[in-house]
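We have chain B; now place chains A, F and V onto it with these hints.
Protein chains: 4
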Amino acid sequence: MIKVGIVGGTGYTGVELLRLLAQHPEVSLTAITSRAEAGGAVADMFPSLRGRVELRFSDPAAAPLGDCDLVFFATPNGVAMRQTAELLQAGVRVIDLAADFRIKDIPLWEKWYGMTHAAPELVAEAVYGLPEINRQQIRGARLVANPGCYPTAVQLGFLPLIEAGCVAPDQLIADAKSGVSGAGRKAETHILYAEAADNFKAYGVAGHRHLPEIRQGLSAITGAPVGLTFVPHLTPIIRGIHATLYARITRELDYQALFEKRFAAEPFVDVLPAGSHPETRSVRAANFCRIAVHRPQGGDVLVVLSVIDNLVKGAAGQAIQNMNLMFGLDECLGLSQVPVLP
Amino acid sequence: MIKVGIVGGTGYTGVELLRLLAQHPEVSLTAITSRAEAGGAVADMFPSLRGRVELRFSDPAAAPLGDCDLVFFATPNGVAMRQTAELLQAGVRVIDLAADFRIKDIPLWEKWYGMTHAAPELVAEAVYGLPEINRQQIRGARLVANPGCYPTAVQLGFLPLIEAGCVAPDQLIADAKSGVSGAGRKAETHILYAEAADNFKAYGVAGHRHLPEIRQGLSAITGAPVGLTFVPHLTPIIRGIHATLYARITRELDYQALFEKRFAAEPFVDVLPAGSHPETRSVRAANFCRIAVHRPQGGDVLVVLSVIDNLVKGAAGQAIQNMNLMFGLDECLGLSQVPVLP
Amino acid sequence: MIKVGIVGGTGYTGVELLRLLAQHPEVSLTAITSRAEAGGAVADMFPSLRGRVELRFSDPAAAPLGDCDLVFFATPNGVAMRQTAELLQAGVRVIDLAADFRIKDIPLWEKWYGMTHAAPELVAEAVYGLPEINRQQIRGARLVANPGCYPTAVQLGFLPLIEAGCVAPDQLIADAKSGVSGAGRKAETHILYAEAADNFKAYGVAGHRHLPEIRQGLSAITGAPVGLTFVPHLTPIIRGIHATLYARITRELDYQALFEKRFAAEPFVDVLPAGSHPETRSVRAANFCRIAVHRPQGGDVLVVLSVIDNLVKGAAGQAIQNMNLMFGLDECLGLSQVPVLP
Amino acid sequence: MIKVGIVGGTGYTGVELLRLLAQHPEVSLTAITSRAEAGGAVADMFPSLRGRVELRFSDPAAAPLGDCDLVFFATPNGVAMRQTAELLQAGVRVIDLAADFRIKDIPLWEKWYGMTHAAPELVAEAVYGLPEINRQQIRGARLVANPGCYPTAVQLGFLPLIEAGCVAPDQLIADAKSGVSGAGRKAETHILYAEAADNFKAYGVAGHRHLPEIRQGLSAITGAPVGLTFVPHLTPIIRGIHATLYARITRELDYQALFEKRFAAEPFVDVLPAGSHPETRSVRAANFCRIAVHRPQGGDVLVVLSVIDNLVKGAAGQAIQNMNLMFGLDECLGLSQVPVLP
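Residue numbers (numbering that gives the first Met the number 0), protein chains in the order written: chain B, 0 to 341; chain A, 0 to 341; chain F, 0 to 341; chain V, 0 to 341.
This is chain B alone, in the form it adopts within the complex (with noise of 0.2 angstroms):
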């Protein structure tokens, strides 16, 4: 059994994470951490876990965490880069769903998060926790920057493109909608109920952080940086995101035979028939990413569509699917949830 500590667990991707690692047969859940609510039981908070998870939330100076073999950070950035050092010292292996390791280039990093990076040797050693690029390097890792929610999404439907070399890498564009649940379990008033529904809007137009980190991971595959323009929306549902992607074609190729080719051999990316439009409900509250690729009216440009659960595939599933490759289990385990629909 993996002893696993949380640091950070009353947030949306702390709960989904205990939802899913309630249901994981090899882990014990070893301490969970919030200094708002130390000593209270984590059911009486999420009252969805009463008879599944026992454990009461521990101060963070307080919490076990050097017991643990591998600790999630479910925090805000600018927390994991903290308290990162010291436990991989004491031997514990660290997945970040924050931000704080995701981005390679420090300034570009303090430029987007706005403070200073307090590890930067850490962020040179961790892996970007996205398996379908980087398992391998995932397996021996210590230390997994796990990928943003709009970054899984975008970077998988473009994925097959880009290694391709099949649209032009420097007009590409990204219109991505997500739940309101990616803007976390803050009170923030724009994200009430009666704001957010029956409501639609863009945001973060001029720019939003996800941006540097796919133009990386997308650089990375071409060897040189690419062009896009990021649109993210709010749309009122609670879990999903959906990105269509656009992309200008520089050279003919069966499309929707290179997408299914390229993830025939992933257990969590489902190319859909050609002519299909996934839902974000067909992965609620599951991990997987659905992906169709068109190509309207026959002319240049090709549309892909991709759908995750943005606490699932998009943060707490992909983090477990992460741990289980790092600790030499079935990729799948603990992760087979049928997605709820209706």
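Worth flagging that the hints you see were computed from the coordinates, not collected in a lab.
Keeping only pairs whose Cα atoms sit at most 27 angstroms apart, straight-line, the calculated DSSO-like set for lysine-lysine is: (1) V/185 to V/110; (2) F/185 to F/110; (3) B/110 to B/185; (4) A/110 to A/185; (5) V/185 to A/185; (6) F/185 to B/185.
Counterexamples of contact, computed for chain B against chain V with all Cβ distances above 12 angstroms: (7) 10; (8) 40; (9) 43; (10) 77; (11) 114; (12) 124; (13) 186; (14) 265; (15) 266.
Facing chain A, a subset of chain V residues (Cβ under 7 angstroms, in silico): (16) 186; (17) 187; (18) 196; (19) 237.
All residues carry an ideal CB built from backbone N, CA and C; glycine is no exception.
Just chains A, F and V now, with coordinates in the frame of chain B:
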């Protein structure tokens, strides 16, 4: 492995049975019928099942239901009563998720359901599949009438009070609210998104088919007719029933203790701490009923709050719980999903 | 033109006042205060008002409220009671949309609202602004206590029955459901989209502040204390209250005729035909209360269904109705919006 | 007073016409037809109109449409083209809210709409009713083709850029999201609440009927065919369209100034300040298009955000705007509703 067939697999109870049975370790899905979709792959209609359910829909006439150990009817009312006798004769056990075998009083059934009953003799044999009341009879049953969604939530909420005889049985009120999936997957105008979203209403105040079912269940406990006012409402959620129950106190007791004791051994009924307000999402996609009991202002009215997922404990999950009992399996087998929150 | 000021313009009742007053032909919006937003344009915060409301938020200390003919308080409880006396002395009339002047029994108010009342003498003077009961007194009032949203829906629904003395006044039950805007525009976790969407729950079963307000109103009619069980619920709609009211019959009457006659002259109360089920959307964004009365199964319980838009007839619309009365205008002026459906 | 008839009054554009026309000071509602509902009161079907619309549905064959000054067709595609000639001959003017007269190229229309056109000569006469482009022609028109909802939002957003010739006309992308009322009030499974709620998806990527309409409009401006990729999506809101438009810059300009100048005199197009993100609810239930223009990261792609209420500026409101123009009224008459927020 239990060979299972499903008649009527294209509605919400059908696809929910598929979701849950696909995760059940002792079930082999053998046949699923749909006249309209015969020949089509189940996963083409419900992409959430891609990779998990390989079956195709069969024409009802051609489906190998006689080879099954158990057949679930997830059909409209009036279908199972015509096909069950033949299956039972072939040694196949049957669980009907519709209402054909729920009401013992045939003329009463015919009045509420507006048709002549085709198999009154089977109604006499059928066991009402509420395990918290009829566990023993279910174990030996050939034919189980799976309870309605409202009746499950309402009966479980009133049960301890009626059994203890501490409330007036002639003045019960059940104010119940259902998610829209309870109306089924039928192309009807009033349950369109643009009609049901951002809207709340009562319906069927003059009389709802679940009223006689609830009355029958509660009367069986007291041994005398109960007086119940039942008002169902439609609330814009996908899944979930919230029953708010009112009963006039006739005898002083520790009501919290009464509920806790009554359900202490029940794996799927969870009595919340005093003062709690169960949310429908705390049971979303899982086979639980969560209950809280209140005595507002120390007055003479008890208020019981009872929540279920109408598609799980109110339909498919309870049906599988019944299946487990009928086949001597652990009652909880395949039903350990953690509720999906948020 | 009536010069109108609004204290506390950034909440939902504030913006709703602005929406309605901007369409009122006899109102000149003179001042709107917000400490946090002082100096900012109202339409920058609420783009829906662009081109229709040119005002900027004023600091409360500097706002020219003394120059107004009428000031609306759309503030949290406890604000109006500190500022009203000075305004009244300056000849300004006041309508408080919060609870400061609703409860005549000061100790009772202080118990439920958890603070010492700052102006008990004004409570005595204040007129409870439910025009269907107090129209004449409102006409002459300097100070109106605008009713709560639940109390409006519940009192209007019970009113004919209580006045007629045909139900048991000690066994009333009000099962009420509110949209999430009723909780206000406050940054609180439990009303986040991802918490409140696709979820239904009761709250405040032990006691809600609107309980004494409703009791006071109904008791004033009977001349004796009424016994009321009041259970509020949160339903995932933006606007709307649906009250389902239960009363035990003590005297036979034609209840449909009773309701129709009682409200025949009321411009904003609409009694639906027998057998109807009013929907909250049938009053969305408009100043109506729609009511239906049922006697299920011919039994001894009456069920009254009463719906309002909590922000209109339950708050801002009713306040403007009161304003019209206070200033001798046509009661319906500026309140002719047709409900928005779908 | 203009005597107005409505053919097909039971859909969403029909009831929205009724909502708005009931508030229009120069309109006398004379007839509304529905074969299925003939004889029934409009307000029985739509209780939101109780007390405001006294009409009953007429059988189409018997309706006194010839006595009207203007008839709106709120019917499925293919109805207006069969009935318009007779009305025009009787001196009745016509506004068709469906697509029968929108596309000038008859074979193109027949290909996309799958039927033979019954009145090609009227297509030549019909004026495309987008006042921001065709105001003068609308004033003199007997027959107006009211634009589609997507085409309204997309064309208004691209208009200044295309007119100025500052973007590449062959690489336009319109990623558009529509609320579910855009699919109409039809009993179809895919728009049920339990299917469309908490779900997001693209549809019609291979080709949507609004594509040729948008292309026709934009091409008329440039005088040459435009290249447009158009991807519609369904988002779980009742009303609203959000178009996210992408265009490649070919000439440097002050784009904010360009938009502000182009729409300065337009009463129903509102250009937001630089950096804004218009929300669909900021136009809910009102006849506005709000637009923002962005140049992310100073790159070579412009992003235009354009929102409308699909039932108002995208249908019934725009139709009334056209009526006002056709009958020499103030263009804004009866269209001064303030958007409903929250």
